[in-house]
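Here are the chains, one letter per residue:
4 protein chains.
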Amino acid sequence: MGIEGSRQEAQSDRIRLGMVGGGQGAFIGAVHRIAARLDDQFALVAGALSSDPARAKASAAEIGIAPDRSYGSYEEMAKAESARPDGIEAVSIVTPNNVHAPAARAFLEAGIHVICDKPMTTTVAEAEGLVDLVKKTGKVFVLTHNYTGYPMIRQARAMVAAGELGDIRVVQVEYPQDWLTERAELSGSKQAEWRTDPKRSGAGGSIGDIGTHAYNLAAFVSGLETEALLAQLTTFVPGRLLDDDVQILLRYHGGARGMLWASQVAVGNENGLKLRVYGTKGGLEWTQADPNYLWFTRFGEPRQLLTRAGAGAGPQAARVSRVPAGHPEGYLEGFATIYAEAARAIRAARSGAAPDADVIYPTVEDGLEGMRFIEAAVASSKGGNVWTRLR
Amino acid sequence: MGIEGSRQEAQSDRIRLGMVGGGQGAFIGAVHRIAARLDDQFALVAGALSSDPARAKASAAEIGIAPDRSYGSYEEMAKAESARPDGIEAVSIVTPNNVHAPAARAFLEAGIHVICDKPMTTTVAEAEGLVDLVKKTGKVFVLTHNYTGYPMIRQARAMVAAGELGDIRVVQVEYPQDWLTERAELSGSKQAEWRTDPKRSGAGGSIGDIGTHAYNLAAFVSGLETEALLAQLTTFVPGRLLDDDVQILLRYHGGARGMLWASQVAVGNENGLKLRVYGTKGGLEWTQADPNYLWFTRFGEPRQLLTRAGAGAGPQAARVSRVPAGHPEGYLEGFATIYAEAARAIRAARSGAAPDADVIYPTVEDGLEGMRFIEAAVASSKGGNVWTRLR
Amino acid sequence: MGIEGSRQEAQSDRIRLGMVGGGQGAFIGAVHRIAARLDDQFALVAGALSSDPARAKASAAEIGIAPDRSYGSYEEMAKAESARPDGIEAVSIVTPNNVHAPAARAFLEAGIHVICDKPMTTTVAEAEGLVDLVKKTGKVFVLTHNYTGYPMIRQARAMVAAGELGDIRVVQVEYPQDWLTERAELSGSKQAEWRTDPKRSGAGGSIGDIGTHAYNLAAFVSGLETEALLAQLTTFVPGRLLDDDVQILLRYHGGARGMLWASQVAVGNENGLKLRVYGTKGGLEWTQADPNYLWFTRFGEPRQLLTRAGAGAGPQAARVSRVPAGHPEGYLEGFATIYAEAARAIRAARSGAAPDADVIYPTVEDGLEGMRFIEAAVASSKGGNVWTRLR
Amino acid sequence: MGIEGSRQEAQSDRIRLGMVGGGQGAFIGAVHRIAARLDDQFALVAGALSSDPARAKASAAEIGIAPDRSYGSYEEMAKAESARPDGIEAVSIVTPNNVHAPAARAFLEAGIHVICDKPMTTTVAEAEGLVDLVKKTGKVFVLTHNYTGYPMIRQARAMVAAGELGDIRVVQVEYPQDWLTERAELSGSKQAEWRTDPKRSGAGGSIGDIGTHAYNLAAFVSGLETEALLAQLTTFVPGRLLDDDVQILLRYHGGARGMLWASQVAVGNENGLKLRVYGTKGGLEWTQADPNYLWFTRFGEPRQLLTRAGAGAGPQAARVSRVPAGHPEGYLEGFATIYAEAARAIRAARSGAAPDADVIYPTVEDGLEGMRFIEAAVASSKGGNVWTRLR
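Protein chains in written order, with my numbering: chain A, 1 to 391; chain B, 1 to 391; chain C, 1 to 391; chain D, 1 to 391.
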């Protein structure tokens, strides 16, 4: 195998978890459940898995949720679970975007920690409301910008923070896909349907679905704050109601410049999230499809290929690694790391403590930032591609 | 995300599982536990996690095994668990090699299914005994040649079986590592210690640890049976007792020729398992470090890069995929697939049925084949690198 | 070797060539000379290799130009050579940008064909003048946008033209370098000195040096015409007088959208020219550092890796290939193809004919387009990053 | 462009060169001519381009050889040219293998330097005769193992020689192709015809054509000497008279072990020459299809990707580079370097001096070693795959 196991998985005292959405036919629900299970920190014990009662019930049975804890709505679940002595401590919200905010509010107000999919809401106003509510309730709120859980992304962030790249000058981030090249929303794809429906997705199409991931990742690694953006959103597929291609220029405080491209019509790309960061002293390059690698160059030296858990990867990567170098970890492991970080924060909250300083996860403020990004981009694009501030 | 979720995880009626080995400090134990948990088919309820009683106890507590089901030895565990009405149905054996056979015998004789790490035993004779015992008891026996769980390996096997490569001519398989380039077994690495100790590993060093994986993978994909081999085993690091580099020529029935290289001293390689298969009509290439890709060429046509769950990947890959194309799956997912297949076989056995025809896992016969491979290679090498039959 | 030689090199009746610039210490002069020589179509017989007379003389001697045909200035050379019965038929102009236009005029007016480095001039006005003069004189004018000579770029262009990508939607082109990350122009680099000097380079720094290459390549392959651009030019290195990073949005006639990035401060990039084109039916991807490959995907099918002279590469690539598939061709071969195309055009002109229809090279109009691109980008950037038309 | 031009091309005082073979339809003749021309060190002035007189004449006319210096046979050419005051100084022999030795003898005996394609002869005895004759005549003899001309191969050799890898333990070299997967020799391919004909190729098929390249390259870089080999040669394609797949184990003096694979039936491989060398301190990896890269790992450190003319490439690579880092050089440039080295040796011989110490080219002794390799491999294979010494 190569190296010693570096990481303790498994806990006997699991956190009781509920789930909203994620019934049969939903893709992301199963991903959240595997992620929650992988490090054995959570026990899924309740659910409002579908707005369709029959489907909710069947889905619950299938994944081993007791019938009396399968609910017909998140409101009902929040109320019932908060009344039980063994009620859920946390909930995962994995619905279309428009349900995120009301569901999150219901659980936060019921004293239940929230793990929520992205984009966080459908408007900035909703997002601001959530920020306030999280502050008021003191509950843990984790947004599943799952790509921040990849070990080599943690490594990249640590290297930037340690000054190994010098002052950042240029950020290049992109997220091309091709699955909406044709009008899949008319062919029965549930995934395509709600993502191209403004009622369920909000004002952004590809910008909300994948653009926010790209934007968040760039900020997470570079540590930069956006001053303004200039966006060109396009709908290439006739009849589609939301953008399927996004081209953005970014200006960061401090003078760095960025470009962001997200597309759902770039034929030959599956989930091509890629980040490049260049500074006065060095450069980094990372690709989601091959996430165990991080290219690093110090100016004037040969390119280095750092590998997860390999030589050159530091403690921030090791902390969230599960298997030795050369054995690939993937999407589910990165997602599971978000859950593992959430578990650390929730366990700290149990005892009234702050989580350890090295616990990192996307917060409600990151969710607000993502909504500001979407609204600013939509406004910039509609306004003739002009520089638009985020706040 | 791109595509609909294609796979049902999670079961309420989990299989009760025990574990032998895998206490604190062991790498592979945690891997098996994650793999067992990932698809929610197993509940780990008992263990004999270490031959050191204090460590066994502490390890059990840490991973949530009840104190009364943490045992001091596998013999004790087999006896006690088979006597309980809620006793374990299956056991995972994740010890050094020399414990595999006696532990497996104890559980099989107690009527408990076995999931066992590889190489299966330390001698061919032991392996033959296990084959007989599995036959006699009718229990499920799964060997964790985990690389056979990768979706694109399933794809490759299906393509060969469907004749897409024509008649196979050449097989090239290799598994280079570099972690034993220096004498790590003297520096406190538990992993290195037992792997270089003939008492615990058997007659083979790198050939047993990684050579058997390479050999098994080549057979799994190509469907070929070995006629004879010619081996050159080398111990490069002074003072080491077992081989750390293996170079083998293979002759398959039907005329195909193969080369196998495994090394633990190839600097720059982490876990570089790679398989290439060439036939009269096409060729395939796969690398473990980037397991979501499969190169395929039909003679006279451009090379194609097939991707897990992407265009060109068929039902055999889809059946064992969990996330859409472009989101990488890794080592743990492949390992988990072995457990998922074991679960299918064990559930079938519960009802006295045979598992579905599409359930595939490495068997006790594959384990015997691996031991024959090791013994033939050691004999060939000692005998002056001469062709040696496997049976 | 693999395949039959597909291409006739060598000619006894070589075209007599002169050179302006390219003396000792100049990089690009040697490249042009190798390119001219590679297919044996030219004989270099005259030169005004340096504005420094001693260096001009020494340089001429070194490369075998007779002393009486080594000139002190291009004016002198144009006059003297056009008066000789065995005078040069064509001239290569490989000076800093500010000399291109006056030198080209001198030779065109003397009845001599011109091969000229890029960017073509320092202003649009100069470029328009050259267009007129070429029209008036009827001489061949070839601009060395050398990347258009790569076989797989020819292949890509042919595939787009044949409709294999459908209607083009998105173009992504980039040209990152890192050699000007620090202020190399102060450390004695002749290359850096003139490229960062507005007097010799014109109004654009990186945009002229490499941005024009990227822009030209995108147009060459996609066949699209630019409607407008929106540019953000940045000078990151303190004290530098011209831009060293360029970020541009492009709108093409017909609705396609593009992004162009060129940078000389992107640490870890050498000459990272990369082009991606996406249409309604397919997508293409090509990288200069690995020029013998072209990724091609038909929507819904596996990715294909087309190779120069390999399966899947068509006649347009074969026509400009010299060695079999799998043997890499590189930068000099692509450059030589521009010279070989120039030779075909010049030979046709000798006999008063038009060159064959398949002869392709960047023209004086392409040079004008490049100057419009530079001026529009500089204007857009200075004007607050607003959409700017090219004409 | 990035960096200053580092290399002086071009010479007025060109070496007069003749060629044997390489007429119309021959692939490798054109390659040699481009290689000879690229650095402007040779003038091709005479030829015996084909054994077919009409074709010889037409070929000569096409490439600009004067009619009176186009000969009907190499014997005639050697005699006539050695009698001329302006006769050729060197000759390139680019015929099928069986002509190499007699032609080389004729020119050496006529006092003419020889550049000869590989394998050098068809038997060891012939090769030994050539070694003696070269020694006796004192003429320069260069064997075109062209892959030794690649800059990153020079770099690799220099790193091994400097001890950066420590003591070499394992060499892995392979050269897979697929062009003889079917019986191309029956479909009119001249290349396939003579390469599969024992009369013209000698006792080896793929082993002579590509196996010798792989073997030579491994020795060139590693500096190791072979003690013995054990070979398995296979003819997969029915009816073919020579081997089309070669699998070899190598034992080097000093204890290193090697594996060599060459194949002409490995579908999906074009010219997949690849070399890996592992020592006690580091490892190297190089692939011909991507020749500007060299992977280098120091044990325990991250992998580095060294690039031709880039950071980390030393003087041995720079000495034979023509363009800046990031601009790919290819097969023809590597081949041209062999010619440039030959020119240095021949110029030194003109003045009776030894060439500079840094001039490196494959010699007549290397050619003998290649023939010993072929004969030993054929003998080992026929004798039941037994260890066979090379001398």
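No lab work stands behind these hints, which were simulated from the structure alone.
Keep in mind that a hint or two might mislead.
Within a straight-line C-alpha distance of at most 25 Å, the following computed DSS-like cross-link-like pairs (lysine-lysine) qualify [stated by the list, open to error]:
#: 1; chain 1: B; residue 1: Lys-274; chain 2: D; residue 2: Lys-281
#: 2; chain 1: A; residue 1: Lys-382; chain 2: A; residue 2: Lys-199
#: 3; chain 1: C; residue 1: Lys-199; chain 2: A; residue 2: Lys-281
Where chain B lies over chain A, by a calculated footprint (3+ residues, C-beta under 8 Å) [stated by the list, open to error]:
#: 4; stretch: 107 to 121
#: 5; stretch: 383 to 390
From the three backbone atoms N, C-alpha and C, an ideal C-beta is built for every residue, glycine too.
Status of the hints after comparison with the structure:
no.	hint	result
1	B:Lys-274 with D:Lys-281	holds, 23 Å
2	A:Lys-382 with A:Lys-199	holds, 19 Å
3	C:Lys-199 with A:Lys-281	violated, 29 Å
4	107 to 121	violated (count 0)
5	383 to 390	violated (count 0)
This entry does not satisfy hints 3, 4, 5, going by the numbered hints stated previously.
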